Amino acid sequence: MQIVENKDKFREALLSWYLREKRDLPWRNTSNPYYIWVSEIMLQQTRVDTVIPYYERFIARFPTMESLVEADESDLLKMWEGLGYYSRVRNLQSGVKEVVENYGSEVPASRKEISELKGIGPYTAGAILSIAFGLPEHAVDGNVMRVISRLLLIDDDIAIPRTKRIFENVIMDLIDQEDPSSFNQGLMELGATICTPKPKCLLCPVREFCLAFNEGRQEEFPVKTKKVKMKVVPVASFAMRNEKNEWLLRKRSEKGLLANLWEFPMIELASLQTPKELARVECDIELTELLSFKHVFSHLTWDLTCYTGLIQGDHKIPDGYHFFSNKEVEELPKPVPVLKIWDEVKQQLTGNDGK
DNA sequence: AATACGGGGGC
DNA sequence: GCCCCAGTATT
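Using the working numbering, the first residue of the first sequence is number 99, and each one after it goes up by one.
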């Protein structure tokens, strides 16, 4: 059965399946646009199962837009710790602040206005508009491109940004005017649970409409070109304590990777050649190797070796560095590789105490 | 158009 | 290992 000649039947099949089978997710029990907004930011490039506990904690801690606006950045980052893409939470606060100050705490319900808010791109705009306000707007994410490319045999390369416009146009033509929320969420739910990279077509509620399935070519879609292999960066990290059992950490730059999160001092080994960097880490201190591991980011890999040692007597501490007690270290927002090091440090401590 | 930006789960 | 995830901002 062709979709283009049976749009109403397709909508009916998708919606009835979605309304019957949809997962019970925390953000599906609210119509508060702010809560929908928070969930959509968290769900960017992040799986549902990962998001759920973060969403629950975040809403409990910042139940209103006003409460979020007042939060310190370190508290925000602590709530986001381990979730990744940390600029998302800064942008979220910035966007919410704009709404509180310029829109009387009412999330604007037009694509033009909502798209001007920090952190809200084409997908998130459509998601909030359709889910929170019931407006017929496209919300094209990776799921939707995979589902639609199979349904309609669209073989344009989804790695090319301009290709997304094709899918947005298809959705605007296909979207259910009565229930745009369930339509958009239904497509995403389908992509997340059935029309997965390895599709489970026998469970699919709309397979009779699917051109790829009819030709047995579902695994050929979507078409996506390969990406370049990423860089491996050797880094050395130093978990140093003083005679008061305080640990030396520094706040990362406010720009770039893991911005404003805390770490044990760390250098890329290539830069260890320079005398300046050498001087910083060589202070006549005895170092022992603590652990080594690789940490994979989206665009690079750290090949990390961490050393630990005791700083005795007087040493000049560079600007931006600070000694923290165990309890204070615990409370700092840290990226996952630093959490791994900290876990190892704590194990060593309890091991020593136990013996 | 290409790149930066986290982290984890599935195979 | 590789792929991909309810993407956006910057260049």
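Rather than coming from a laboratory, the hints here were simulated on the basis of the structure. This structure is a prediction, so every number in the text was calculated from the model and none was measured. All residues carry an ideal CB built from backbone N, CA and C; glycine is no exception. Heads up, a few of these hints could be off.
What the hints assert, rightly or not - Here are the computed distance ranges between Cβ atoms for each label pair: (1) Leu-300 with Phe-422: 52 to 60 Å; (2) Ser-185 with Glu-366: 15 to 23 Å; (3) Asn-127 with Arg-260: 31 to 39 Å; (4) Thr-399 with Thr-128: 37 to 45 Å.
These are the hints, each one checked on the structure:
1. Distance hint check for Leu-300 and Phe-422: the Cβ-Cβ separation is about 56 Å, which falls inside the suggested range of 52 to 60 Å.
2. Range check, Ser-185 to Glu-366: Cβ separation about 22 Å, and the 15 to 23 Å hint holds.
3. Range check, Asn-127 to Arg-260: Cβ separation about 37 Å, and the 31 to 39 Å hint holds.
4. At roughly 39 Å, the beta carbons of Thr-399 and Thr-128 sit within the given window of 37 to 45 Å.
Comparing the model with each earlier hint shows no violations; every hint is respected.
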